[in-house]
Amino acid sequence: MSDEKWTVTFIVFRKKDEQPVRYDTFTLEVSPNEYVLDAVERIWAFHDRSLVFAHACHHSTCGACGMRVNGVERLTCITPIREVTRNGGTVRVEPLRNFPVVSDLAVDMSRLYQAMDVVHAQAVHPLDAAPLEGDGIRPPRQVPQPEEEGEFLRLADCIECGLCVSACPVAGTDPAYLGPAALAGAQLQSIARNPDLLSVVDCAEGVWRCHSAYECTAVCPSNVQPGWRIMDLRRQVVAQRIKALLGQR
Amino acid sequence: MTKPHAIVIGAGFTGVAIAYDLAQRGFRVSVVERGPIANGTSGRTHGLLHSGARYAVNDQESAIECIQENIILRRIVPDAIEPNGGLFVAVQEEDLAYRDKFIEGCAACGIPIRELTPQEALRLEPNLNPRLLTAFTVPDATFDPLRLALAFAASAKAGGAQFYLYTDVVDLLRDGRGNVCGVKAWNRAADRRFDLLAEVVVNATGAWVGQITAMAGIQVPIAPTPGVMVAYDRRLTQRAINLLNEPGDGDIVLPQRRMMVVGTTSFTIEDPDYVPVYEDHVALMMERGSALIPALRQTRERGAYMATRPLIGGTAPGRSISRTFKAYDHAETDGIDGLVTITGGKATTLRLMAEKTVDVICRKFGMDVPCRTAETPLLSYRKFYL
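Protein chains in written order, with the working numbering: chain A, 6 to 254; chain B, 655 to 1040.
It cannot be assumed that every hint is accurate.
Computed footprint of chain A on chain B; a stretch qualifies when at least three of its residues, placed anywhere within it, have a C-beta under 8 Å from a C-beta of chain A [claimed, not checked]:
{"hint": "1", "segment": "694-705"}
{"hint": "2", "segment": "728-738"}
{"hint": "3", "segment": "835-848"}
{"hint": "4", "segment": "907-920"}
Rather than coming from a laboratory, the hints here were simulated on the basis of the structure. The beta-carbon is built from N, C-alpha and C at its ideal position, and this holds for glycine as well.
Required output: the full structure, derived from the provided sequences and hints.
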């Protein structure tokens, strides 16, 4: 820990209703160990009370504060200023792409929630039965559990922050695409155990729409790695189709 | 008969729970919130669904509220909760002096606990300090703060409540007799100003209640009391881990998704709008947290943040103020009708705070409608957006 102070200029995307987009600059003294969200909140608190931005938990469990920082999707509450600029440097803060902008840095993520709802993505998983690591892969560590305590549950890794949808080149061109988070949510449930999911994901707007750009995996702040889950989901879909051909369903 | 219109200021835990309860009991509800849902204290809680054991010695009223609400919330918001229990752990001789009081307090409050040998405790949670002296299981749980709030908000919305987010209350509207009859609002997203009239305005702004009541010239005894929380990047336990001793700094360590969160500190401030994260507080969390779970030292900081508790009192220092809550009908306390303030309390008791507040409001309107929020599961948090 240190008392190091940097001077950093924040270039912030602004948008109100029908008014044209503009960028405002705010120069702040910050600690490089602070997080980008701290600076955004300080701009609101001390420089411009009209600034609109979304945030809640400030520690990466809620997924509310996704923004583009210097052009890259980041969860701003866990992005240290040190990682995105230098003393005397700039930080450009913009809203996520592929969602309608509510105002300034806040977007309307209904599209994502709709898709998560369609695949019935689980918010809470059983620790042992639900394969958090995907079908056939054991959790990283077997957790001892006395029988009388019943099943351990764990909040899902996906925090529904929308970073993957913002980074996805396909989501940018096809508004009906289910998107990486929802397809990952389907993969976790396993088509073999939830056959109803097959028709939801085995379609043009589902698992086959992905172009394997893997931008989703690159920006995911929460260990979901949607990219390979979509590929695994394709394997699951093909396996179901083959079983159907052989008359096993 | 048309429904009476209630404006709820604040979409933190208390505000969304009140909006839901009011809508269920026959009010037309508008929620005015200057940010998104749960952007203030509520979003920034560490996420411990208290069993009440933390308060069982010093604040039994809060402890009893906690255990009762803990059981209810597990039932009505299952998709925001990790219901994995908790442990109270003694690591030093001085902690053992608290043991008898703890057993007695939990028994008095109806909190089921079970003492474990150190070996049993380490078998359940291998990352605990191996030098622990004793441990108790408690029915703690952890919750996702935003999704807990969203579940109430979604259910309120389904009951007809309208949400005005990113909308500041800039003043209270007063009628000819000085009573409150609505709010003057500023929608920052569209940069539009408008008035909203209502039969009652509910001030559910937590640590900020004083700023709203000041608009009506009313003072309330509120002590905004921030504390730091630090998140680390590995999950080291399945249960919530508490230090078996009087409540103090950095004595709660919680698992959440793939993280551990350590909290907290306690000091009072005047203006809760922005509270910096102090690096010495962050260092203290690592020091205290690793006394319970030494492997924390092998983790990396993932996030650090401040949350400001809305404690009632004012003169007593933070930890000694009761964690229970209070609803004020300002017609009774200050002779100004149309304004009700709720503050104090804690996340675990959000539903109960709403029940008591809406009881007060129903009495004002001569409505005899029972509260049903404890019985009905809430809608999925996602429904808030759909």
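Against which earlier hints does the structure fall short, listed by number upward? none
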